[in-house]
Structures are given as C-alpha cells and as structure tokens.
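Just so you know, the protein sequences line up as chains A, B, C and D, in that order. The first sequence begins at 1 in our numbering and counts up by one. The second sequence begins at 1001 in our numbering and counts up by one. The third sequence begins at 2001 in our numbering and counts up by one. The fourth sequence begins at 3001 in our numbering and counts up by one.
Among the clues, some could well be false.
The calculated label-pair distances, taken between Cβ atoms and stated as ranges, are [as the list claims (entries may be wrong)]:
#, chain 1, residue 1, chain 2, residue 2, range
1, D, L3172, A, S58, 44 to 54 Å
2, B, Q1091, C, S2025, 36 to 46 Å
3, A, N132, B, I1130, 51 to 61 Å
4, C, L2394, B, M1001, 34 to 44 Å
5, A, K57, B, Y1056, 30 to 40 Å
6, D, R3108, B, I1130, 42 to 52 Å
7, B, V1063, C, S2411, 36 to 46 Å
For the chain C half of the interface with chain D, some residues (derived, Cβ under 8 Å), not all of them [to be verified]:
#, residue
8, Q2088
9, A2113
10, T2114
11, Q2121
12, K2139
13, G2140
14, N2180
15, V2200
16, E2204
17, G2205
18, N2408
19, S2411
20, N2415
Hints in this document: simulated from the structure, not taken from any laboratory. Bear in mind that the values here come from a model prediction, so they are computed numbers and not experimental data. We put the CB at the ideal spot given by N, CA and C, even for glycine.
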Amino acid sequence: MSEILVVENIDSGYKDVQILWDVSLKAEEGKVTVIVGSNGSGKTTLLRTIMGSVRAKSGRIMFDGNDITKWPTYKRAEAGLIYIPEGRQLFPDMTVLENLEMGAYTKRARVKMKENLEYVFTLFPRLKERINQKAGTLSGGEQQMLAVGRGIMGCPRLMLFDEPTLGLSPKLSIEIFGIIDKLKKEKISMILVEQNVYFSLQIADYGYVLSEGRIVKEGKGEELLASEDVKKAYLGV
Amino acid sequence: MEALLAAIITGLLLGMVYGLAAVGLNLIFGVLKIINLSHGAFIALGMFGAYYLFQYFGLIPFVSVIPVFVVILIIGILLYFIAIRRVMGRQELSTLLITYSISLIIVGLGTFFFTTNPRSIDIPWESIRIFSVYIPATRIVALFLAIICTFLLYLFLYKTWIGKAVRAVSMNRVAAEYMGVNSHVILATSFGIGIGIAAIAGVVIASIFPFTILSGGVYELKSFVICVLGGLGNPFGAIAGGLILGLVESVLSLKIPVGIVPFIEFILLVLMLLVKPEGIFGRR
Amino acid sequence: MRRILTLFLVLFLAFAIGVSYAKDSIIVGFTMSKTGKLNAESDEQFKGLKIWEKYVNTQGGIYVKSLGKKLPVKFVYYDDESSKERVQQLYARLILNDKADFLISPYSSELTATAAIVAEQHKKIMLAIGSASDSIFNKGYRHIFQLYTPASRYLTGAIDMLKALNPRASKVAIVYEQTNFATDVCKAARDYALSKGLKVVLFEGYAPGTTDFTSFINKIKSLQPDAVIGGGHFADGQTLAKQLYEQRVKVDVVSLLVAPSVPEFAQIGKAALYVTAPSQWENGVKYNEKAAKKLNIPWYGPSVAWFVKEYKAIDRSGKEPGYHAAAGLAAGLVLQRAIETAGTLDANAVKAALEKMDVMTFYGRVKFDTGRFYGRQIGHEMVYLQWQLKGGKLEKLLVWPPEAKEANLISYKKNF
Amino acid sequence: MTKKYVLFWLLPIVLLIALYPIVTDNFLVRENIFLMLSYIVFASSMNIIMGYTGYVSFGHIVFYGIGSYVGILLINNLHVHFVIAVLCAALVAGVIALLIGEAVLRLRGAIFAIATIGINEAVKSLVANVDSLGGAVGIFMDFSVYDSYGGPDKALWIAYYAMVILTVLTILVSYFVRNSKLGLGLLAIREDEDTALVVGINTKRFKSIAYFLSAIFPAMAGTIFAFKSGNIVPDDAFHIVKSVEMIFINVFGGLGTVSGPVLGAIIYEKLKDYLLTNPTLKDLHLAVSGVTLLLIVIFAPSGIVGWFRERFKVVRGVLE
C-alpha cells in the first residue's frame, strides 16, 4: 500500500479566521478516501488547502513523495492533483470542448488529450451532443458532468471531488455516483467530500469525519457507516 | 450624399484604428480586472517607436509594428512582475494609482528625452480614390493593419493554449489555477499584450497624424468611451465600439459643430455606465 | 517645527540680500517655448531676441541718462513648455525672484494674455511679440505694448486675394484654432468677408492640439466654398494644409495663419504648394530711411540686410528669416529706444516714451494705441506670401498687396 | 475611542505657515503658500469622499472648474462682490454635486472612477463650446474689476486671506465629519457598503452628503483662483491632472485621516517647488513624481500618517 497524499497537522483558514485545526489524513493510491462532515465543518477549506488556493498556516502536505506545502496551485495541478471544485467553477463563456481542453492544459495531460476526450465522451455522451455550446448555458447536471469530465482530462494522479452532487436531483446524483464508481474501478485515486454520507461511505475505502475543523473520527468506509456516532449525526437514524 | 459617403468611409477607417487603440485596454480590464491608466502612455511610446525606427532605420511604420510590439510586450511582462503584481487584489485605488504612476514615469521621461514638440512621420504616398472620396493611402494601410492585428489577436485567444488560458483566467482565475495554469504568467502576458496592442495602435496613428508624447491621452479617453460602448472587458467589443465611435464622430460632425462631439461622447460614456454597463451588445 | 523656522530664516535672508545689489545690467525677462506645440515659432522669435542682445551689447549696452552710463542687457528666461499653466508662475518668478526690469511676452496670444495679467498686477512693462489678438488690449491693461499688426487687420487680405483671383467667388469657409489669436483674426476676417458680399458657409473652431481635420474637410467638401481660410499656429496649420491636399479640396485660395510663413512649412512637400499666409514681415520688404522720411517719422536701428545677415549667421541652415525672428529683434529695438528716450529705467517714464513713440525700423512702422485699446499696435502693416515653385524648389514669395509683390498669385486648384 | 487631539497641533501649524507671508510681506513666499493652502483644501475635501467613504472621484476637479466659472462670471460680468461670488460658487457646485451624485454614486469602484472622468471631460467640452462662457479661449477678467478692491496688489492679498479662511474651514469640516455619526457611517460604507446598508445606515444619503461636502470647497477655491489669476480657460480649469494631485496628496499623507491630507499637501508643495526649480530635476519632475507615487503605493499604502501610526501606537489619537 502506498500513500499518494499525506496531510500532516495542518492549520489553515482565511485572513484572521482559522478554520482547520491540526488536521492529518492520508489517501492511498487507487483508493477512494471520503471526508464527511456537516456544513461549515471545513471540508472545502481542507480541499482548498490541499490545492494551495488557501495557504496552510502550519503543517505539511506530501504528494507523491514531494513536500508540496509551499507549491503554488498550478504546480500541484501539473503534478496530477486535480480538483473538481464545489459549484463547478466552469469557464462559462467557453464552449464545452474548450472547457475540456482547459482541463488538459498541463503538459502531462496535453499529450493524452485525444484519448481522454474520447473517454470523457463515452462516459458522458450528452457532453458530446453539446460540444460547441457555451458552458454557461448548460443545465446544472450537465455542468457537473462537464466539471467531472474536465477533471478527467487532466490525467489525475489524485482527484479531489468537492460536493459533486450538491444541488442536483436524486436521479442525477445517482448518475454522478455511478461515474465515480466507474472511476474507482479504473483504479483512479480519489478524495471525495460529500454531504451525502450514506452513498459516499458506501463507495469509500477509507473515511474521515470532520467536525468544526478537526478530524474527529476515521476508519474504513463500512466501519464508519456502521458507527453509532455517524449514524446519529449524519444519517438521522 | 457624397459628403455622407465620405463621412461614412472616413469614419469607418478611423473607427477601426480607434477600436484597435482600445482593444488592449479592454483585454487588460477583462483579464486583470484593472483599469490601465498607463494605456495612453504606451500608445505614445508606440508613436515614438515608429518615429525613431523611421528616422534611423528607415522602417516604415507598417513594418515597425513588429519590433515595437515585442519590446512593449517584454516591458509589460516586467512591469507586471515589478509593480502590478504587488497590488493585485488590493482595492481599485491602488491599481488605478499604480498604472497612473507608470504613465507619469513614461510621459515624464518622454518629455525629457523627446520634448513635447510635435513630430510626424511623412510617408510620401499619394491618395487613393474610392468612389468619389480621396483617402490617403496611409490610412488604408492603417485600416488593413488594424484588421490584421485584430485577426491575429483572435487567433491567439481562440486557437492557442496560452490564449485559451488568458480567456480562462479572465472568466475564473482560481479555476484556471486548478487546471494547472500559472495565472501570474498569464496576467503578465495579458498585460504585455494589452499594452503591446496599444503601442501598435500608436504606430498606426503616428503614420497618419502628427503626435507628441502627450497625444496618447486623447486616445486613452476615447478608449474609455469605446470600451464602455462595446462592453467592458471584451476585446472584440472594443473593435465594435471603435467603429461606432468613428462613425458617430464623422457623421454627426457633418451636421453639428465638431467641437461639441466630445461632449456627446462623454455624456454617452456616463449614460452607458449608468444604464447599460455591459455595453451595447452585452448581455446582463 | 525647527525645519520650518530654518526654512523661514533662509527665505528671509534670501529676500534681504535680494534688495541690496547694485544695478549693473538691465534685466529683460521672458519665457519661451523650448518644448511643446509652439516650439517652432518660439525658437524663431528667440533667435531675433538673441540678435538684439548681440546688437545692443556690442555697443556696450543701452545708455541710461539717469545713471550716466551704458548698461548691458541681460536675458533671464525659462521654458514655458507652451503651457499657459506654467506662464503665470514663471512670470511671477521673473518679476519677484529674478528682478526683471522689463518683460518680453512669450510666443502666442494665449500665453501673452496670461503673462500680461501678471505683468499688469506687478506693473511691469511687457513688450508683446508673437501675439496679435485684439482682445488682450480691451482689458484695461496699461503696461502691455504690441508689436504685431493686430488680428483685426490680419487676414482681411485673404478675402481681397480671393476677389482678385476669382471675381465670381461667393463662398468662404473659415476653420480656426480655438485660441485668442485665431478666434480674433477669424472673426475679423468673417466680418470683412461679409462686408465684401461673400457668404461665410462655415465658421467653426477646433481645439488646440487637434491633429485630425477629417471631419472639417468632409464638411468643407460638402459646402464647396471658394476659399478656405483660418488655422492657428504652426503645428496645426501644417497638418491642416497636408490633409486639405490629401483629400483634394478644390478651392481658389487656401490662406492659413502662421504655419506657411514658418520656413519648416516646406516639410510637407507638394501639400505646401500655393498655400498663402499673412505675414508681419518678409525678407524683401522695403523699409529703410527713405521710407521713414516719406512718412516723416524717425528711422531707428539696423537695416533689413544687416538683420538677414545676422540671422543667417545664427541659423546656419541657409533659410530666409521669417517674421517671428524679425519681431524678436524689433521688440528689443523698441525697448532700447524707449529707455534711451526716457533716460531712466523707471517704468512710468519708459511707458510714457512708448506712448509717444512713432518710429520706423527694419521691421516697419511702430506706433501704439493709447485709447481704449491701450498698447495695441496701430503703425505696422501686413504682407502676404505664397508657396510657389521657383526653379523646381519650393519657395515663399510675396504676392500681396499688389504694390509689394515679388510674384503673381496662383490659384490653389492648380495643384490638382 | 481615544480622545482626538489632532486639531490642537494641526491648526496652529497651518496658521503659522499662513501668517508668515503676512508678517514678512513677502510676495514670492505668499505665492507658494497660497498654492500650499489650496492643496490642503483640495486634498482635505477629496479625503471626505475618497478617504472616508472609499469612492475614488477621479474627475473631482470638475467642481473646481465649475467654481472658477461661476466665480469669474459673477465677478467680471455681473460685478458681484468677490465674497458673495465665492459663496455662490459653493452653492452651485453643491447642487450640481447632489444631482450628479444621485446618478453616479450608484456605481462602485473603478466604474465610478471612470464615470467621474467622463463627467469632467463632458463638462469641459461643453464649456469650451459655449461662446457666452468664453468658449475654448476662456474668460479674461477686465482689469478695472480690481479697482473696486483697491487695485491689483490689494486684490492679490484679498485672495490670499480668502484662501487662508477657506483652508481653516475645510480642515474643521474634515475634522467634524470624521468625528461624527456621519463619519462613522461613511467609514462603514468604505469598509463594506452592503453590510452598512444591512445595519441600517442610509448609505445613499450619507454618500450624497459626503459628495456634497467634498464638492463645495474645491469650488470656492476655484473662484479664489480665478479672481487671483484673472483668467480662466477650460483646459486648465478641468485639468484631470489636478484631480490626480488631490488623490496623490491623500495617499502620500495618509488616506482617511484628518491630518494626512494636510501634512501631505505641505510636503507635496515643497517637493513640487523643489522639483520644478531644481535645474537637474526640473525636466524630470513628472518622472520623479511617478516613481514616488509608485513606491508609495507599493511600500507605504497608508501614507505618512499611516506609517507613523503603525510604528508608534501612542500617537494614534494625535494623528487621526
């Protein structure tokens, strides 16, 4: 078992407000790691800290054997850390194709652009139909598909999903989970942040529970799903 | 009728040049989200670049666009990393003042080295007759140059990786970073290209009108009007805005005193900002 | 706090020392446009002043009776950058800091008008050269004396020329720079055209610094006048002439202020051909002792030939001097004569001498209005020149008035 | 909040400077100090809209221009007394500011700045094309006007005294605005306009008042200038560079403080005078000011006063 990402004792936040306190976690190669937590527990901040768009105040982030704590965001993306942000964050005035091309911006991904594009279109045939449509004019579900597709275009070594089903209908959410499951079978390493605790922990190989900026519990996916605390707090059982 | 035709032709010719002069301002506003008050100074630098390349190397302005563009592009990239980068993300006042101070430095040094005496580049080309209107050949070449530059900019922005990254950064800088785009490099490049195009416009203008180091200011103010007409932040909107402004200036002044035209232009500017800030063609 | 006190002390000392120097020269202060749009004309004017400085100082200076000795002339001058803003500041400085005894105006009516206020506020005599505007002289000033033929008699000859070339001419277009000078000149020309039964189809100003006249030319072409007159100063006039030619404006007379009379006008090549201009003075005028005697006024100073020789020694480009340089020397001569007549440097006495002056120099007759337009020039007359080809070379020749002409007037249309 | 002592040292300094030319009867110094005082007026009034409220009025000089024109028309053409003309100029500029403000104060940030530039340019070209306002040539005062003030030299002194009074007035208003409920509201708008609105501040009225106050003082200074220099030309009256000077002085001295613009103006005048008269730097004065501005914006964005305040916490109350 090799660890692709190791986060050690991270403190992080915005300006004067600290949000994450001494957070440590690991993601293993080819596995799905899930972080669950309620609204405002710091999940998005954690992913942004991993991506470097929020700077860690202290602690260390190791990716693929490199200390990336001080790296700028784009360099982390070049190294294969691919983030599929909350709220999609597409390029609205670009076409679907251009958005996908932007996903393959790094040198590593450019060489594989053609085959990745075909792969994305087999995953999301609907995107192919809308290839020349402006991203801003797509429906919410299509936009989420495009965001995932764009991530796949980047030849990810580790994919970070930030609430991919947020705001989607249950039907679409299931579709998205299906895709994530497919990616899992392709042995793509993933960190998944979700509010939908039940679904996500089912997919998860390993999971963490984040509460008020601290990791309060961790364990294998099914263990967490079975744990009484989690059940009480997140599944309303 | 003939006068109207002449007004339309000259208006479009000039409008294209105005548009080119404004493209850079809009590109920079779109990508960096700052209003570049040194825009006029770089137009003036382009004028002097053309002048000295003509004086000492005999390069006609239509050739000197290339060296002028390259030099200004490099200056722009350096300026970004030296000065502008430090105030990105601070409030508007800082970016306005930083670019204004760059303008002061350029105009100040320009006044010192070039003085404010008027210069002109005299290319002894004859006029060309279009229908019944005589147009100086230099203006027609200027038009083609403006069209070519615009087309090249289009190719750059839509067909190259860096160009697409520029557009991506202008739409969502953080997301572009997530794609592996080094946004500071892109911002620097955009600034360089923005003022580089301004300098090209300066070269073109210098080939048809006399100028001083202070002449850029006039075109900077016109560029504001043009950008607001065409939609702030959209480089190709600037071309449309320029054509509109050229036509309006030219046709209106057939009927009303020429001196009052700037008044109408600036009132238009303020009204557009208040009523339709996204530009004539823009969507909300 | 201590800084400020020290500063005050220094300033006080500077002031105290300032008053107690002995008078060993006559300080003449002025600004010139070393830079900016008026540079071409101002440079010429400055050459004229330099010629006067040489003329007077090789004689040992100006004899001042009250001091019983000759005092050399010392120039103090600054660059006004062709900007009104700088002028007031600099003239205050010339008066207060440099203790100028007499002032010479900057070039152009606009700059003179602003400088005049400062001169007047401090009651310093200022000889106004390079400024023809009448409107400076109805403001109640009592210390400003004009060397140029004023605007009201400046461009009227252009109308006469048009009538002479084409008796059936009926329409005139006037396009002028929005400055005191050009506005005054063109208003007077408009009134004169109307009085001669012509229609003024266009009368419009353009902002100083204008480089694009396309809109005006479109308008002119649609109105089809017989003459285009106007302009302002060198830079704009040259551009206007160039664009009139490029866009083939077919009229009989193109008469522009200032620009065509500056030798550099030839830079625009063919576009200069057949353009006419009023001029205060041209090499070829016949002002001499004989002419003075005819009018029964005294003759003063060097001859036309001497001035031309000195000019060519300074300029070295071989070109003929224009009226800007001539007026520079003339201003100096007028001041010199007034001081000699007054016998003192006292402003009131010199003022009185200027009021009474009626004299002829190489520049022509000089006499000042002492009525409502106090200080305005009433002695001097205009001539008109035209750029023509002479032996394949562009040259400016005197063409008007008929009694003074060197060559025949040619229609501007001959260009096309 | 700490007790504010700023007026106790600021006003005496300004008055001492203002008295110097009167005591020594020195014209040249008077000219310089006249300029210095006018900078204080410009900068302090700009500070109200820009420093306290956070709206960068790049075309603020328009009010100076309007004031100059109103003033000279009244004094020269209608023979209204100078003092009354000054007050009328303030009134006209104030009303115009309220009207313009009604429209443009809805805009924010850089767009507001551009709009104010547009307004200034529009007014300039309008004035330059109205013949009864002198057109592009401007208005030159008839010299006989000065006779009713005891001749030109007396008139120059009158203009000077007027400028001294105006300066003191501006500083007082700047101080009282800063230390009032109005000032608190304006600061809230500067920090976050939406939040200010939410907590119940009538942002629209507050901004209008700030714009009004910042407009009337330059207008009065305009009349005084026009009276003193005896002429007025659109290009000078609406010169955008003068707006930038006002902004520059504020940033230099310390934005949003009472003493900042005053100290900034005093130093700026000295600096400018030095640059303009120093033979080697004279031709480079624009470039030198550019470099200075660049360095200040990058390294000392809170200006002189801010710099001191950050280093010496004790003087906070004294400086603000």
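Hints and how they fare:
Separated by about 50 Å at the C-beta atoms, L3172/D and S58/A satisfy the suggested range of 44 to 54 Å. For the pair Q1091/B and S2025/C, the supplied restraint of 36 to 46 Å is violated, since their beta-carbon distance comes to about 57 Å. Remark: the range hint 51 to 61 Å for N132/A to I1130/B is contradicted by a beta-carbon distance near 38 Å. As the Cβ distance of L2394/C to M1001/B is approximately 37 Å, the hint placing it in 34 to 44 Å holds.
Roughly 57 Å separates the CB atoms of K57/A and Y1056/B, a value that falls outside the hinted 30 to 40 Å. Between R3108/D and I1130/B, the C-beta spacing of about 46 Å keeps the proposed range 42 to 52 Å intact. At about 39 Å, the beta-carbon gap between V1063/B and S2411/C stays in the expected band of 36 to 46 Å. Interface restraint check: Q2088/C against chain D, minimum CB-CB distance 6 Å, threshold 8 Å, status holds.
Given hint, A2113/C at the interface with chain D, holds; its Cβ is 6 Å from that chain's nearest Cβ, closer than 8 Å. Because the closest C-beta pair between T2114/C and chain D is about 6 Å apart, less than 8 Å, the hint holds. For the restraint placing Q2121/C at the interface with chain D, the shortest Cβ-Cβ distance is roughly 4 Å, inside the 8 Å limit, so the hint holds. Contact between K2139/C and chain D, as hinted, is supported at the beta carbon level, the nearest pair being about 5 Å apart and thus within 8 Å.
The interface hint given for G2140/C is met, as the beta carbon of that residue sits about 4 Å from the closest beta carbon of chain D, less than 8 Å. At a threshold of 8 Å, the smallest CB-CB gap from N2180/C to chain D is about 5 Å, leaving the interface hint in force. This hint is violated: V2200/C has a C-beta 16 Å from the nearest C-beta of chain D, more than the 8 Å allowed. Evaluation of the E2204/C hint against chain D yields a violated restraint, the C-beta minimum of about 10 Å exceeding 8 Å.
The criterion of a C-beta within 8 Å of any C-beta in chain D is met by G2205/C, whose closest approach is roughly 6 Å, and the hint holds. Using the Cβ-Cβ criterion of 8 Å, the hint placing N2408/C at the interface with chain D is not satisfied: the shortest such distance is roughly 37 Å. Given the 8 Å rule on beta carbons, the hint for S2411/C is violated: about 32 Å separates it from the nearest Cβ of chain D. Contact between N2415/C and chain D, as hinted, is not supported at the beta carbon level, the nearest pair being about 31 Å apart and thus beyond 8 Å.
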